[in-house]
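J.: Okay, here's what each chain looks like letter by letter:
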Amino acid sequence: MMLAYTTSELTSIFTMQGFAGLSLFSVLLLMALGLAIIFGQMGVINMAHGEFMAAGAYTVYLCSTLTAKFAPAFQPYYFLFAIVAAFFVSGSLGLLVEWGLIRFLYKRPLDTLLATWGLSLIMQQTFRSTFGAREVTPTLPDWLMGSFKPTETIDIPINGVFVMGLTLFITAAVMFFTFKTRAGLRMRATVQNRMMSGAVGINTKVVDRLTFAIGCGIAGVAGAAFTTIGSTGPDSGSRYIVDTFLVVVFGGAASMLGTVASAFGIAQTQSISEFFLQGTMGKVTTLLAIVIILMIRPQGLFASKVRRA
Amino acid sequence: MKTLRSTLCYSTAALCALLVSGLPNISLIASESFPTAKVNTTGLAVTDTEVTVGQLHSATGTMAISETGSIQAEQLAIEQINAMGGVLGRKIKIIVEDGASDWPTFAEKAKKLLVNDKVAAVMGCWTSASRKAVLPVFEKENGMLYYPTFYEGLEQSKNVIYTGQEATQQIIAGLDWIAKEKKAKTFYLIGSDYIWPRTSSKIARKHIENVLKGTVVGEEFYALGHTQFGSLINKIKLKKPDVIYAIVVGGSNVSFYKQLKAAGITSDKQTLLTISVTEDEVLGIGGENLTGFYSAMKYFQSLDNPNNKKFVAAFKAKYGVKSVIGDVTQAAYLGPWLWKMAVEKAGSFDIDKVAAASPDIEFKEAPEGYVKLHNNHHLWSKLRIGQWATDGQAKVLYESGLIEPDPFPKGYQ
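Chains as they are written, first to last, in the numbering used here: chain R, 1 to 309; chain W, 1 to 413.
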């Protein structure tokens, strides 16, 4: 079977397959970043993470509708602003949720699981009541939807490149924030030793609130970016949540680098096994590999060096 | 029949109301000539003036996206039936229950409708999973279910009328058309991983290999909700099939078509035939991502016949000009009408008599055109091929003759 192809054809397929793997990697990473901050840094199991992504996606939809109505000429550019808007919408929602719900549950991690799951159901039904049960499509600018053809047989999807670029940018920004700014320093300090941080004058409550809001905001950005490759519906979020937790847990909960490595590993395994096996079997292979590795290394790929109180 | 046809001419609710207020005596007479004691011997919720039916769909949860259209169409049909005097002189009252996309809930609500509310019929269910969950309830409590979705077949019950197509009706004629029209020999089958796509894919494969003498170069199933199709798309590029045969559903659908387009697989280079995209799905996918691809369905909103024009106008008058009507929505609209005709043919609301009277009922005013109920409780119907345009509507390119429903197809199992 393979003999029937020319070398250049095979090269093209491998190039595109390599890109497919990288593209899946950036999708997984972008999904997981927000959760890695919230779960990794705060220990809060946020089951409503997917719904914060959906909130971002709906923000893009709203922006798209408003642009089409009031400023059609702005259509090719609105998407970039919509992403920023998505960050602030989901971020402020996060702020509100932390203030109204999460802060009462820090000492009861299992209850946050239940509470955020309930929150996710409430948010889903809110989307359904507000935007309708049907999926919506924001009108995306044309420059995002085509494919880039370096040679006759290679097609690189532009939306894939866009998501990849955005992931790189967000990852860099998160790293910069965590390791190079005062706020990041306070966040890391609070994670490592909450009592001592409080004693040296860090307002840990404000830190918690900001961390949660930033995590949610990044989820919103992810949701906004995924309108280019997926669907926007009331239950879009629940489609992402499993993969998201998979990446974060597999990477080792408190390690940002672990999240990156884990997203890369899962994406490559999945995309390669999907190519050589069949759809569902690809997923099965990936999950089996993860289960086996987690049995050997329950703490995930990168062990957390945090002293647990 | 004559009153039915003339009433349908009045597409707006206002006109219907006028008509009814002008003819109060007819319903009175009808009600008197069918005394309640005679037409209802099993204790159903039927009074001298009213008959109660149930409606059981998901108004909440993941399936609400698909079932909303069915809910609307059934209510429209019932409203129209009431406007022309109801059934045996009795107005239809609806009890709406929400299955909430949860199969045990469906079974529980079905039991409530049949045992507590004693409804004369239920319009409901959408997924095969929900139908399988309520089937034992309907058989045990002896209820009547009108099920609207096209589905995998392999089922037949005295207590269910299937108003959508079973798999062979939808698949075989479509494959024949594409093989002839596009001289297609190689097929790539792609589906979501559950019973309907799997059964459909099996039927398609048998037909391609045994009848069309073609080759299946790939057959794959992805979990419901799968969103990343990069690897699959590369395999399609490698195998270069004449036809992609897609049975992908739900949110995956949107990702699948967006990513196909982004990878440069468009209708000018690739033929794609699907049995899982109706006007409802196109709303989510976006017409521009589907332009030029084909769907095989029994109904498209753009069908050019007088029945359909009236139906579309009435639907839009009630639910807004932007609403769209997909295959299942139309099939759901048939349910109340078929029930009304069966009751009137039987002269009784009794479930056994309605079930016995159902075969051979003809509905000439169906938006999809003429349909007729088979002994096996499925409909004789046509298969159409529609080609999608940017505006989210399909242009009908082909129409088969009436196809006999065959839920247990020999040689395809």
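There may be inaccurate statements among the hints.
[What the hints assert, rightly or not] Calculated cross-link-like contacts (lysine-lysine; reagent style BS3-like; alpha-carbon spacing at most 30 Å):
#1 W/Lys-318 with R/Lys-283
#2 R/Lys-149 with W/Lys-202
#3 W/Lys-353 with R/Lys-149
#4 W/Lys-202 with W/Lys-240
#5 R/Lys-149 with W/Lys-206
#6 R/Lys-283 with W/Lys-353
#7 R/Lys-149 with W/Lys-364
#8 R/Lys-69 with W/Lys-213
#9 W/Lys-183 with R/Lys-283
#10 W/Lys-316 with R/Lys-69
#11 W/Lys-353 with W/Lys-240
#12 R/Lys-283 with W/Lys-140
#13 W/Lys-132 with W/Lys-322
#14 R/Lys-149 with W/Lys-318
#15 W/Lys-185 with W/Lys-158
#16 W/Lys-93 with R/Lys-283
#17 W/Lys-318 with W/Lys-180
#18 W/Lys-93 with W/Lys-316
#19 W/Lys-269 with R/Lys-69
#20 W/Lys-316 with R/Lys-149
#21 R/Lys-69 with W/Lys-322
#22 W/Lys-140 with W/Lys-183
Since the hints were derived computationally from the structure, they do not count as laboratory data.
Note that this is a predicted model, so its numbers are computed, not measured.
J.: Going through the numbered hints above, which ones does this structure break? Give me the numbers in ascending order.
T.: 1, 2, 3, 5, 6, 7, 8, 9, 11, 12, 13, 14, 15, 16, 17, 19, 20, 22
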